[in-house]
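Peer 1: Sequence lines, in order, name chains A and B.
Residues 1 to 307 in my numbering are what the first sequence spells out, letter by letter.
Residues 1 to 285 in my numbering are what the second sequence spells out, letter by letter.
You may find that some hints are simply not true.
Said to hold, decoys possible - Facing chain B, from chain A, some residues (calculated, C-beta under 8 Å):
1) Y26
2) F32
3) T47
4) F63
5) I105
6) T127
7) S128
8) V135
9) W179
The hints are simulated quantities; they were obtained by calculation from the structure and are not laboratory data.
Note that the coordinates shown come from a computational prediction; the quantities given were computed from them, not determined experimentally.
Where is the CB? At the ideal position from N, CA and C, for every residue including glycine.
For reference, the chains in residue letters:
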Amino acid sequence: MQNRSAGKTVKRRGIRSLSDPKVVPYVFVAPFIVFFLFVYMYPLIMTVIMSFQQIDGPNHHQFIGLKNYQKLNTRDFQMALQTSGRYALWDVIVLTIVPLLIACILHSGLAKGSGFFKSLFFIPSLTSIIVAGIVFRLAFGTLETATMNRLMTAMGFQPVKWLSYAGPGNFVLILLTLWRWNGVNIVYYLSGLQSIPTDYYEAAQIDGASALQKFFHVTLPCIRPVLIYVITITVLGGFSMFTESVALWQQNNAGGVGRTIVGYMYMVGFKKNNLGLASAVGLTLLVLVVAVNLVQLVLMGFFRKEE
Amino acid sequence: MASNKIDRKKRTVLSVLATALMILVAVFAMVPFAFMFMSSLKPGTEMMRYGLTLRFDPGISSFDNYTALNTYRDGVYWHWYKSSAIIMIMQTGIGLFFGSLVGYGLAMYQFKGRNLIFTLVLVVMMLPFEILLLPMYQMMIRIKMMNTYFGVVIPYLVPPFMIFFFRQYCLGIPRELMEAGRIDGCSDYGIFWRIMVPILIPAFGAMTILSCMNSWNNLLWPMIILQSETKHTIPIGMGTTITPYGNAYDVLMPGAVMAVVPIVVIYLFAQKTFITGLTAGSVKG
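The shape of chain B in the complex, shown without the other chains (with noise of 0.2 Å):
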């Protein structure tokens, strides 16, 4: 009994010291929104003369520079804004077709080779693709994909990762459904349609995150493939605000807040089945 108290007491302790470590972490993870949105708020004159501050000064703040977004270099945020999204849209679109159909394959069919494609799939995942960049700018250049969107698209259209992802969480999946499918007069191609798909729903839900991430991030291939201003995504037109003339902090800011809110929206919305999606679908070794 004795020793259970002080077990029972330990533990408080425990879960306070952890409770507040949690709470640190937390505020370490969102400082750095503190400061984007409160900086958004304040003249780009008064983030040169104070650096960025958490400080609000009802007297200067207001949103003049969210309005000023539209009209910064005749509205070129807002053609970022779209590059991206369209880019963003087609990626992870294109990426979980093709993702889940070469994954599911994998894991659910005998096949000859099997075992040397899963293995070409990890050495891919390992692979730095930068590496790549040189012949593949080369290859763009002759199929003229320079400057177009489909172009950006083409090295992500079957991302390893998806693969290797959609293979661990179709090996969860009993094979018997695919016999009942087949005894109801499925077609192979009808079986994923029509009985996978519906229950790779939060495999899918997980990639559509981690691709639409990628993709809002990436920076080093869109720069090279397009070129002109007004097809730049976000990442690339942000650093083209950032100059060793004087930076543009009126329209970093609001244009950093912006960037930030819609996938983070995407994120609470889709977040349960993202978590257990992703974590049912593990790395199993």
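Chain A on its own, in the form it takes in the complex (with noise of 0.2 Å):
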């Protein structure tokens, strides 16, 4: 970097240093180092010290301690974190689980036609998820005629308000959320199988292992890493979720019933002007999805040295 602005001065020599071996890496890295800079590290430092501000227009900033913490304790914020916390656990348990499911099944090849089903599987992760949920939404609406409750009459049971309470609305989130990334988790997943030597199954089927200990002792093992990104990437995407639930409720959603951390966030910081109080939301989400995530981590053994 001092090479670059050196450079800068003298064009001639300038010219000459860009190509210098020991400056071409940098040069290269050098579009994230500014990106950092001036993307992550200087708004994350301004949310630190906004959190702790009273903020009135662009030129009024006074602090005032720890209060916009302490008025966090409200009942709208408390719901915003379970909803937020609710959905994340489904979505870590569903969109590991299936996916996983469906890319074995689909790498076994014991299915006609995996290439088709790999390709058609992706094309949900295409759509808008502001366009999709339209059709959740209507197929899920309150009415008797909604497409969901005719069905449930069909079969004999009481039609559901679905997006009325917390956890019929959480099932619907979760299924739309399902139907949105499962495509994109798949190929995640295949990637991972596909590396996989054919040869470690081969072992295991001299030593007489059943399909599910294959699966146990050699698939799962040997595809830790994608599953640990694929967790890490769920937490994140749980906690901070917030386009699957405008999708389902837009904003002015009835008694908070799936409003999230960031769609609080939202209503606080944009709609109401509060960017104190919002800034002490946002980081109170950062150090909910690093502690949740670094949990997930130690448990998954990413920290354990390789034998």
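Combine the two chains into a complex, taking the hints into account.
Peer 2: In structure tokens form, the structure reads like this:
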């Protein structure tokens, strides 16, 4: 970096020094360094500072200590925490297991037309959640004539007000998420499965291992890096979910059903213009995501030294 | 021999079961599209009365709703479309350029601070970007980027997931190619452009689709930056057609179909490159 700025003053030397073998790698990674400082470092520091401030207008910042954090002790925020927490839990469970099973079946070649299915399963991931969410929102409508409620009555159940309560609402959210992200995770898992040498399975076969034993003792340990990656991004996506909830409820959901942590942050920061409080919400989210992911990474043995 | 026969029988049964299960998953993946398309052909009043149905009714079905997109609020839908397309192209083009550059640099060179930078990339990938929105928003006001397309693209100029992916992909490229290029008198940048970029094409294919997906679907940040109605993207705009006072179904459904079509077409053309590219540059831990 030093060589680069020196190069600007003496132009001819600058050109020569940009192709200096010692400088070249830094030129390649320079975009990220600049980007990191302005798009991550600076805003992160600002968020921390702002969370201790009362902000009325661009030039009226006033330090108020921990007051913003004390204000988090409201029913609205607790509900948002619960919504995001419940969603993240089911998100991790459903979106690590279901795509893994499907990827294993596709990889085994047992099903006919695996290549066709591979391409097809990815298509929902290409659509906008807002756009696709409209279908889910209408299908799980409150009215008895809504598609799902008709199905329920046809099967002899009572119609459900799907989107009016936290439990059923979460179910629809997870279904929408599964529909939309299933294909992406399948592709991740397939990439892991393809890198497992076939002789591992042959060796297991000779030892007389059953299909289940092969799965738990060969497949799972071999795809651990992919598994860790999928769980980590799912935890992140789960806690910071916003779009799916907007797709089902818009922003004016009665009683805050379906409002997530980010949804709450958006409401407080941009609708009510309380940037200080919103920053405190943001940092709470950060701590939550980092903490859960650290626990998860330790449990998955990410920091364990390879034998 | 006998056990072999049983095995084969067992395998056939398993194969039928597996295929049936895959068909079930395929139906789950496709049904929402069917609902979308069938509803887009019917008048909105029909939707209000019966909800979403898969029934095809030749008496009332037509493509009228699609032509109605041109007149709805003075054709605002196509403005949304244009916004989404411009942002998608900018974000993907710039992201691919910088992402490949940095990923390549991290994979192919040994230099001081390399591990630190790669660690930062990983850390940044695990941060919820949403928490940086508020200061970014203030920054955008200060540098006068509000209500501009470039303002929407700024947080995605050097996407960490692309850096990560290109790095993984480049690790599989033999270093000898670099040496060969040097012997032929190529500069390091020449080697990147003339030798590496062609090799990286599957990676570019995979990342193009992922980036287009992210951009086409992005809601929160564009919603903060783009304030005038004609600059809204499709997700923001479609959201505004659902209101507490009634939903504009006539626009909603054909609008949804039209929003899905282009990206699916891109995918169908590029899917082979995409799947191989994505799986080759896999997460190798």
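Peer 1: For every hint, state whether the structure bears it out.
Peer 2: Status of the hints after comparison with the structure:
1. Y26: Check passed: Cβ of A:Y26 comes within 7 Å of chain B, closer than 8 Å.
2. F32: 4 Å, holds
3. T47: 6 Å, holds
4. F63: 16 Å, violated
5. I105: 5 Å, holds
6. T127: 5 Å, holds
7. S128: 5 Å, holds
8. V135: 4 Å, holds
9. W179: It holds, given that the least Cβ distance between A:W179 and chain B is near 7 Å, below 8 Å.
When held up to the earlier numbered hints, the structure conflicts with hint 4 and nothing else.
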